[in-house]
Amino acid sequence: MSSIISLNLTNTGSRYDSAPSVIISLPQGTPTHATATAAVDGLGKVSGAVVTNPGSYYITQPQVTIDVPTDSSNKNAIASLVWDNLNKNVYSVAIDDSGKFYTSAPTVTFSDPDSLPGTLATATATIANDRVSTLTLSNVGAGYTSAPTVTIAPPTGTPNNFRAQAAVIMKSEDSNNSIFSVSILDSGNFYTGIPNITIDSATGTNQLFRAQAAAIFDFDNKRLLRLDIIHKGKYYDSSNPPLVTIAEPPALTRLGFNIGEKITHSVGGTILRGEVSAYSKKNATMSLIHVGADDGNYHSPAASTDSDIVGANGSKVGIATVTDNNKIQTNSQNDIFDATASNVLLDFLDFSETNPFGDPGDT
Amino acid sequence: MATNIYFSQKHTNEQNLHEDIIIESLKLYGQDVYYLPRTIVNENKVFGEDIPSIFNSSYKIEMYIENAEGFDGEGDLFTKFGVEIRDAATFIVARRRWSGIIGQGSNDIETERPVEGDLIWLPLSNSMFEIMHVEHESPFYQLSNLPTYKMRCELFEYNGEDFNTSLESLNSIETEGSYTYELTLNQPTTATATAVVGSV
Chain A
1 MSSIISLNLT
11 NTGSRYDSAP
21 SVIISLPQGT
31 PTHATATAAV
41 DGLGKVSGAV
51 VTNPGSYYIT
61 QPQVTIDVPT
71 DSSNKNAIAS
81 LVWDNLNKNV
91 YSVAIDDSGK
101 FYTSAPTVTF
111 SDPDSLPGTL
121 ATATATIAND
131 RVSTLTLSNV
141 GAGYTSAPTV
151 TIAPPTGTPN
161 NFRAQAAVIM
171 KSEDSNNSIF
181 SVSILDSGNF
191 YTGIPNITID
201 SATGTNQLFR
211 AQAAAIFDFD
221 NKRLLRLDII
231 HKGKYYDSSN
241 PPLVTIAEPP
251 ALTRLGFNIG
261 EKITHSVGGT
271 ILRGEVSAYS
281 KKNATMSLIH
291 VGADDGNYHS
301 PAASTDSDIV
311 GANGSKVGIA
321 TVTDNNKIQT
331 NSQNDIFDAT
341 ASNVLLDFLD
351 FSETNPFGDP
361 GDT
Chain B
1 MATNIYFSQK
11 HTNEQNLHED
21 IIIESLKLYG
31 QDVYYLPRTI
41 VNENKVFGED
51 IPSIFNSSYK
61 IEMYIENAEG
71 FDGEGDLFTK
81 FGVEIRDAAT
91 FIVARRRWSG
101 IIGQGSNDIE
111 TERPVEGDLI
121 WLPLSNSMFE
131 IMHVEHESPF
141 YQLSNLPTYK
151 MRCELFEYNG
161 EDFNTSLESL
171 NSIETEGSYT
181 YELTLNQPTT
191 ATATAVVGSV
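As given, the protein sequences belong to chains A and B, one line each in that order. Its first residue numbered 1, the first sequence is counted upward by one per residue in the working numbering. Its first residue numbered 1, the second sequence is counted upward by one per residue in the working numbering.
If you are wondering where the hints come from, they were derived from the structure by calculation, not from laboratory data. A couple of the hints might just be wrong.
Stated by the list, open to error - Going by beta-carbon spacing under 10 Å, a handful of chain B positions derived as facing chain A:
#  : residue
1  : Glu14
2  : Pro52
3  : Ser106
4  : Ile109
5  : Glu174
6  : Ser178
7  : Thr180
8  : Thr184
9  : Gln187
10 : Thr190
Ideal Cβ placement from N, Cα and C applies to all residues, glycine included.
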C-alpha cells in the first residue's frame with residue numbers, strides 16, 4: 001500500500017511570518033471491491049473461503065453475504081416399526097429416511113390402539129445435521145391387535161435457515177482498510193454447489209486517505225526548516241507522486257507598491273518614512289524619495305533581514321542593497337545643456353556641470 | 001475739500017465691466033498655465049526657514065505673460081561653475097478668476113491671494129516658475145478697484161519639494177530631481193517541496 005514516506009523541502013522559502021499551511025494533493029486511486037470464493041465439503045457445508053481480492057478504501061467492516069443453499073426442497077423423514085403380536089404392542093421403531101431441513105426435533109406419532117383400554121405408543125426423535133438422526137421408543141403401548149403406523153412430523157425449515165454466515169477480518173498491517181480473510185461463522189447446509197460470496201463495497205473516499213504534513217518554521221530566518229508528516233495517507237501512486245502545496249508568504253498575497261505610496265521602514269528602532277517613486281516587482285527594485293526619520297536625524301534605509309519596507313496596504317519587502325542618488329545636482333538645467341541627455345547624442349556642446357567650459361573633447 | 005460726489009469713479013457696474021474686459025482680454029491673449037499653491041511643512045518660525053514644501057494640487061487657469069519678446073532675467077548664465085538659466089517672467093491673472101478657480105474654500109489652499117513660493121507651470125515652454133513677488137496694485141486703482149495680480153516669477157529650481165498633484169508631468173519633477181534611494185529588494189519566495197511515495 002503506497003503512502004507518503006518522506007517530504008523533501010526543495011525550497012525553504014523566505015520572509016514567512018509564521019509556519020505556512022501544507023497541503024498534499026488527494027490520492028488518485030479509486031476504491032476497489034473485495035472478492036472471495038467459498039469452498040463446500042462433501043456434506044453440503046461451506047468449509048471455508050479464500051480472499052481473491054483484498055479490496056481497498058474500507059473504513060468500516062463490510063457485510064459478507066453467502067448465497068442460500070441451492071438445494072431448496074425439504075423432505076420428510078420416514079420411520080418404520082416392528083409390531084409385537086404376542087404382547088400387542090410396539091416392539092421397536094427405526095428410521096427409514098432421515099429427511100432434511102429439520103430445524104428442530106419433530107414429533108413422532110403412532111396410530112391409536114385397536115382395543116380398549118389400550119395405551120398409545122410414544123417415541124421421541126432427535127436431529128443431527130438438520131436431519132432426523134434417532135428415534136427412541138418411550139412407550140411401547142398396549143392393545144394393538146394389529147400393527148400400528150408411525151409418522152414423523154414434516155420439516156419446518158426453509159433454505160434460508162441453512163444459509164452459511166461469514167464475517168471479514170480486516171488487515172491490521174494495512175490499518176484495516178482492506179480484507180485480510182473471510183471467517184465462516186456458520187457453515188450452513190444443503191449446498192450442492194459452490195455459493196457466491198458477496199462483500200459490501202468500500203465506503204472510503206480519497207479525502208479520508210489524504211496525507212497530511214506540517215511545516216516546521218525557522219523564526220530566526222523566516223523560512224522553513226523541514227516538513228513533518230502527520231498522516232502518511234494511503235493509495236498514492238509512486239509513479240505519480242502527489243503535489244505538495246505550501247502557502248505563500250503573507251507579503252506575496254498582498255498587493256504591491258504604488259507610485260506615491262507612503263512606506264515605513266525600521267532601522268535600529270527608528271522609523272523611516274518615505275514615498276515610493278518607482279517600483280518594479282519583476283526586477284525587484286524600488287526607488288524612495290522624501291525619506292526622513294522620526295527622530296529628526298539622518299538615516300539611510302538599511303539592508304537587513306528583519307527590517308522590511310511596509311507599504312500602506314501592508315505589503316512587505318526586504319532590502320537587499322541600497323544606493324543613494326543625489327539627483328538634485330543633475331537638475332533639469334544641466335539636462336538641457338548635456339550633450340548626451342537621456343542617452344541621446346545632441347548636436348551641441350556639453351555645457352553641463354561635468355563640462356562647464358564646453359570642452360568639445362569631453363562630451 | 002472733499003471730492004466731487006457727482007464725478008465718482010466707484011460705480012460698481014463700470015468696475016465690473018472693466019474687470020470683465022480684462023478677463024476677456026486675458027482669455028484672448030493669455031496662456032493656459034497650472035497654478036500650484038504651496039503648503040509649508042514644519043515651518044521653522046525662529047529662523048523663518050521653510051525647507052519642506054508640498055504641492056498637493058494644480059489648477060488650470062489663464063494668465064497673460066507680460067514679457068512678450070522673451071523671458072526676462074539674466075537668461076543663460078555661463079560661469080565657471082557651469083551653466084545657469086536665470087529666466088524670469090511676469091504673469092498677470094485676473095483677481096476674480098483666481099478667486100473663483102484657485103482661491104475658493106473647497107480647494108486645498110490656505111491663502112486668499114497668490115503668494116510668494118507658489119508655482120506656475122507653463123506648458124508652452126515646459127517651464128516651472130516660482131512666484132517671487134506678487135504685485136497686487138498694478139494697474140493702480142484705475143476705477144478705484146484692483147482687477148489683477150501681477151506676479152514676478154523666476155525659473156523654479158527643484159530642491160526636494162513633494163509634488164502630489166493630479167498631473168503626472170508635474171509629479172515627475174520630484175521623481176527626476178529628488179534625492180533618491182535606489183533599492184534592490186528581497187522578494188518573499190514561496191517554499192516548495194516534493195513527496196516521495198512508497199510502500200509502508
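* Hint check: 10 Å Cβ-Cβ cutoff, Ile109 (chain B) to chain A -> Hint on Ile109 (chain B): violated, closest Cβ of chain A at ~21 Å, above 10 Å.
* Asked: With 10 Å as the cut and Cβ atoms as the points, is Glu174 (chain B) at the interface with chain A?
  -> holds, 6 Å
* To do: Tell me if Pro52 (chain B) is really an interface residue toward chain A, meaning its C-beta lies closer than 10 Å to one of theirs.
  => holds, 8 Å
* With a cut-off of 10 Å on the beta carbons, see whether Glu14 (chain B) makes it to chain A. => Violated, because the Cβ-Cβ distance from Glu14 (chain B) to chain A comes to roughly 46 Å (cut-off 10 Å).
* Asked: Was the hint right that Thr180 (chain B) lines chain A, CB cutoff 10 Å?
  -> holds, 5 Å
* Going by Cβ atoms only, is Thr184 (chain B) closer than 10 Å to chain A? -> This interface hint holds because 4 Å falls under the 10 Å limit.
* Asked: Is the hint on Ser178 (chain B) kept, meaning its closest Cβ partner in chain A is under 10 Å away?
  -> holds, 4 Å
* To do: Classify the hint on Ser106 (chain B) as holds or violated, based on whether any CB of chain A lies nearer than 10 Å to its CB.
  => violated, 22 Å
* Classify the hint on Gln187 (chain B) as holds or violated, based on whether any CB of chain A lies nearer than 10 Å to its CB. => holds, 5 Å
* When the nearest CB of chain A is found for Thr190 (chain B), is that gap smaller than 10 Å? -> At 5 Å from the nearest chain A Cβ, Thr190 (chain B) passes the 10 Å test, so the hint holds.
The structure fails to meet hints 1, 3 and 4 from the earlier list, while all remaining hints are met.
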